[in-house]
Amino acid sequence: MSDNDSSTVVENNFYPLIIALINFSVLLLLAMVNMSNAVELWDIIFIGAGVYFSLKFVRLITGAHEFQETRVSVQTRSSFPTEGIYARIRHPIGAACIYMNIAYVCFTRSFVLVPIVPIFIALWYIFAAYEEKILLQRFGDDYREYRRATSMFRGSGFDQQRLASSGYDMY
Amino acid sequence: MTIETFFMGFKTVMMLQGDIGTDISNFLHLLLDPLLLALQDEGLRRTIFSTIIWSCMIVCGLVFIVYEIPIILTLISGSQTQSVAKQKRVTTDGRAEAATASASRHQTSLAKSQKEREKREAAVKQTGVSVTAKLVKDRELLRLSVRINNASNSHINMVVVDLDLPSGIDAEVGSFRMQRLGTINAGEVKTADFILRPMGGNPADIGGYVEFLGASYEVSKIALPVPDMEGISSE
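Protein sequence lines, in the order shown, are assigned to chains A and B.
Under our numbering, the first residue of the first sequence carries the number 1, and numbering increases by one thereafter.
Under our numbering, the first residue of the second sequence carries the number 1, and numbering increases by one thereafter.
If you're looking for bench data, these hints aren't it; they were derived computationally from the structure.
Quick caveat: nothing in here was measured; it's all calculated off a predicted structure.
Treat the hints with care, as some may be off.
[What the hints assert, rightly or not] The following label-pair restraints were derived from C-beta to C-beta distances: (1) GLU40(A) with PHE176(B): 54 to 60 Å; (2) GLU40(A) with PHE6(B): 49 to 55 Å; (3) ASP164(B) with ALA38(A): 51 to 57 Å; (4) ASP164(B) with MET152(A): 19 to 25 Å; (5) PRO166(B) with ARG59(A): 31 to 37 Å; (6) SER25(B) with PHE111(A): 41 to 47 Å; (7) LEU62(B) with TYR130(A): 23 to 29 Å.
Quick reminder that beta carbons are idealized off the backbone N, C-alpha and C, glycines included.
So that you can see chain A by itself, here it is in the shape it has in the complex (with noise of 0.2 Å):
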């Protein structure tokens, strides 16, 4: 599914930008209000647990970039890419902003982000199957075996995730 016609191509994926304004702009200022200023061992954990998601959220944007359909909006995308980061995972800018939303979490370790960031989790996974649907309606079975093959968020290894769904139930 490489058919690309990059000359024409306007990148108008305004969807996860303003998703992800929204997102980080409310986590942002409870993050400002709310950090805990303690510097115990279970700090040194959370912190490191926090550099440790912010990591994934960078491997993930880079990985998805790399790909310009990434910032075409999936009405008009003539392809879906299937190679690089998305041969694992459906939606990378999804799953870094869920990555991203864990790491405030961790950095901020206060309780007051933790009814907030489901709610947030909830609107990356609407909005990524609102997208599933509707590249589902335009490719097809083309995009259905993909969707087999692949998670959506969480990358698994391609082998393991074809037995599982074999039926042997072996990991």
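Chain A is fixed; fit chain B onto it per the hints.
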């Protein structure tokens, strides 16, 4: 004499080991003590943590902005009214052009599938387990027999045959796209039969995989070879 030499050597090694241990300990103390001492200061720890946290947040924010800048610019300038690379629509005037494009795509697809088949056959040859497929026309239905010959020296477990059917060919009601054959002992042959209903699809495009656990508990996967067709003409 030999025993004395051995004990002398042993004592020297023990002495050296003791010295090396003390040296390493002293070196680590010199290196880490100032750090540990400094980290006992709660204010310093707080500053370090704060720096790490805000650095991560700012770096992540910047990465996001850098990659999204083209979209931000498009959003600000509002210039999304340009033509977009859509799937080409076939108009009445461009029928001939569309037909040529379609033929060219079909040709590319054939070359691609040929390459894929060669790759599959090479993979099958490499392993001790061989897979053959045979497609027989059975009235309006197709019977696909996948024969797995375990020519290796050890048994294989959890053998699964999973079909990738092209559009226009479906599994018949009561027949499944996946079958489990369980264990196949060394030198044994097992066959999985699938009943398929053709609805305009090309039987030569039927693909799939045979997956199994080898003796070393590694998951192996062999692509299904192009089926031998009996009484069927492929497109």
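For each hint, the structure was consulted:
| no. | hint | in the structure |
| --- | --- | --- |
| 1 | GLU40(A) with PHE176(B): 54 to 60 Å | holds (56 Å) |
| 2 | GLU40(A) with PHE6(B): 49 to 55 Å | holds (53 Å) |
| 3 | ASP164(B) with ALA38(A): 51 to 57 Å | holds (54 Å) |
| 4 | ASP164(B) with MET152(A): 19 to 25 Å | holds (21 Å) |
| 5 | PRO166(B) with ARG59(A): 31 to 37 Å | holds (35 Å) |
| 6 | SER25(B) with PHE111(A): 41 to 47 Å | holds (43 Å) |
| 7 | LEU62(B) with TYR130(A): 23 to 29 Å | holds (28 Å) |
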